[in-house]
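Student: Work the whole structure out from these sequences, hints included.
Listed here are the chains, written in short residue letters.
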Amino acid sequence: MSLLSLEKVDKIFGGLSALKQVSLEVPERAIFGLIGPNGAGKTTLFNVITGVYSPDGGVIRFEGQSIGGQSPARIAHRGIARTFQNIRLFRAMTVEENVMVAGHHLHQASVLGAMLRTRAQIADEARLRKRAGELLEIMGLGKHAEDVAGSLPYGSQRRLEIARALMLQPKLLLLDEPAAGMNSQEAGELERQIRFLRDQMGLTIVLVEHNMAVVMSVCEAVHVVDHGETIAHGTPENVKKDPAVLAAYLGKSTEEVA
Amino acid sequence: MQLVRRLAVASAIGLVLYGIGLWLQGGVIEYVQRIVFLAGINVILAVGLNLINGTTGQFSIGHAGFMAVGAYGAAFSGVKLQPVLQNWIGAGAVADGLTLNVGLLVGALLAGLTGLLVGAPSLRLRGDYLAVVTLGFGEVIRISFNNAKFLGAATGFSGDSPSGLPALTTFFWVYAWAIAILILIRNLTFSQTGRSLAAIREDEIAAEAMATPTTRLKVLAFSLSAASAGIAGGLFAFMQPSIRPEDFRFDKSIDMIVMIIIGGLGSISGAVVGGIFVAVTLELMRDLQQYRLVLYALLLIVIMLVRPQGLLGSRELSEVLRSRFGRPKAQAAK
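Just so you know, the protein sequences line up as chains E and F, in that order. Every number in our numbering is 44 more than the matching position in the first sequence, counting from 1. Every number in our numbering is 62 more than the matching position in the second sequence, counting from 1.
No lab work stands behind these hints, which were simulated from the structure alone. Keep in mind that the hints are not guaranteed to be accurate.
Which stretches of chain E does chain F cover? Using the computed rule of at least three CB atoms under 8 Å from a CB of chain F, they are [said to hold, decoys possible]:
id : segment
1  : 133-140
2  : 154-162
Calculated from the model, a selection of chain E residues having no Cβ within reach of chain F, i.e. all distances over 12 Å [said to hold, decoys possible]:
id : residue
3  : Met45
4  : Lys64
5  : Gly95
6  : Arg122
7  : Arg208
8  : Ala257
9  : Glu264
10 : Ala265
With the C-beta cut set under 7 Å, the calculated list includes, among others, these residues of chain E facing chain F [to be verified]:
id : residue
11 : His121
12 : Gly123
13 : Leu212
14 : Lys215
15 : Ser261
We treat Cβ as the ideally placed atom computed from N, Cα and C, and that holds for glycine.
Tutor: Here it is, written out as C-alpha cells:
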C-alpha cells in the first residue's frame, strides 16, 4: 500500500501553473527520488504536501486519508516531517534545542507544570534531551549538541535539519536537497545515513536532489517533473535513459527539433 | 522532598524580604522607598514584556494598556473588598494583605483576558503591523477608562474614602511578586514551551513545520505577559491615592520597551537590570520633566550604536558569568 499518494494535484500562482495534474505513489518504506531541472516544481510539491500551500486541485492522501489544505502543524503532527532547501534552522539556539523543539509528542506537562517545574516537567525535559541526543548521534552531530546552530558548517546544518525532523517521529520524511553543498565524502556519509533511517527506523523517504550520484545510489524509484508536469517515473536506470528526461535536462536532439 | 526544599527556600526569601521591608519602613526616607517599590514593579513589567517581545519576538508597544486594566481591576475590587474583610477578620495586616493580593489576582486575570482578546486576532499579524495594532489597543483601553464614569473617568479613581486608595503596597509584596513572576517566567522560558516560543521568533515557518502550534503559543505568551503587566499595575495602584488614565499613556509603554532593550532583548536577567535602571534614572531625571523622553531617545540611539544587543545580549547573567570565569564551554561566537 502506498503511504503517500497524489492524484492530479494542481497548484497555480497567478497565471503560472506550478504543478499540473501531478500524480504519484510513494510506497511504504521506499526511498523515493524526485528530480527535475531548476524551477520544475519540486519544492512547490513539497510545500503542497506539507501544507505550506494548499493545492488548487487534486487529492493528497497520507495513510489513505486526505490531508490537502490542512495546516503545516497538523500535517507534521500526522507524521510528515521535512527539511528545507534554503536551510531554516533556529539559528540562535543550540543544536540540541533545535532538535528538542520538534519533540511535542514526548511532552506531557502543562504550561502551569512548566512554570512550577513539577516532577512531570523535569521528567519530560530529561526524556526530550535524551531522545535529541540519540538523534544527533545518528546524524553524526553528537559532539556539537551545545553549539549554536547558526555557527555550524553548511553540511552539518543540513544534517541537523534531518535530526530535527526525526524528532517528530515521522513516518514520512521529505528531504529537500539534503546533499547540496556537501563534498563527495560528506555525500557518501549522507547516503549511509539515509539508508539507516529506512532500514533501521522504518522511515519512508522522499528526496529532492540535484546530486545524481546520490539519487542513483539510494533511490529505488525516481519521479521526474519538468514545468510542473510529470515527464517520467521508474527505476533510476530506466529514468536515466528516458528520452523525455534527457530532453528536459540537456535540450532536445536535432532530429527531434527537425 | 522537592516540595519541602522549595517551601524552605520560599520561607527564607520571605523572611529576608520581611526584614528588609521593616528596615526600609523604619530608617529610609519615603522618596527612596518609592524608588525601591517602582524598581520592583518595573522588574515585573520588564520580565513580562520580555516574554512576548524578547523571547517570542512579537513586538508589542501597547503594554501600558494592560497595566491600566490591572491597576483599575485591582483598585476597584480592592476598594470593594477591604471593608468586607475588615468586618470579618478585623482591620490589620492580614486584611490588608488579603485585600491587596485578591485585588492583584483580579487585576491580573482581567489584564490576561484583555490580552487574550487583543492577542487572538492581532497575533496573526507580523512585525510592524502587530506593533501598530498593539499601540492602537493600548490607546483604546486608556480612552475607555477616560470615559468610564464609575471609575472616575478622566479625574481618576480614588475609591470611596476621602483619603483615596488604601496604601496596601508594601516592600514585601512588591518583591515577593517580582521574585515569583521572575521564577515562573524563567521556568517557562527554559521549558519545551519556552523553546517553542524562541523557535517562533527564530523561524516561524520552520516552527510550524515541526508541529508547533504557533498561534496558540503566541496568544498564550501575550496573555501571560499582559497578566504580569496587570500585577504590576495593581501594585502601582495601591501605592498612591488615585490612579488616572493618563498614568498609562503611550510613554509608559515606551518606558517598558526601554527597560527590555537596555537589558538586552530576550534575556530575563537583562530585563531585571533594565527595569531597575529605568526606575532609578526616571527619578534622577524627574526635574527635567518632559525632556526625559528626549534623553531616553538619545540613550536608546547610543545603545543601538554602541551595543545593539543590549547590556547582556540575549544571554542570561549566569551564562555571561560562566563564560567569563567558569569552565570554557563549547560556546560559539555570535
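Student: Work down the list of hints and note, for each, if the structure agrees.
Tutor: Each hint, compared with the structure:
| no. | hint | in the structure |
| --- | --- | --- |
| 1 | 133-140 | holds (count 5) |
| 2 | 154-162 | holds (count 5) |
| 3 | Met45 | 24 Å, holds |
| 4 | Lys64 | 25 Å, holds |
| 5 | Gly95 | 8 Å, violated |
| 6 | Arg122 | 9 Å, violated |
| 7 | Arg208 | 7 Å, violated |
| 8 | Ala257 | 28 Å, holds |
| 9 | Glu264 | 26 Å, holds |
| 10 | Ala265 | 25 Å, holds |
| 11 | His121 | 5 Å, holds |
| 12 | Gly123 | 10 Å, violated |
| 13 | Leu212 | 6 Å, holds |
| 14 | Lys215 | 13 Å, violated |
| 15 | Ser261 | 27 Å, violated |
Hint compliance for this structure: hints 5, 6, 7, 12, 14, 15 are broken, all remaining hints hold.
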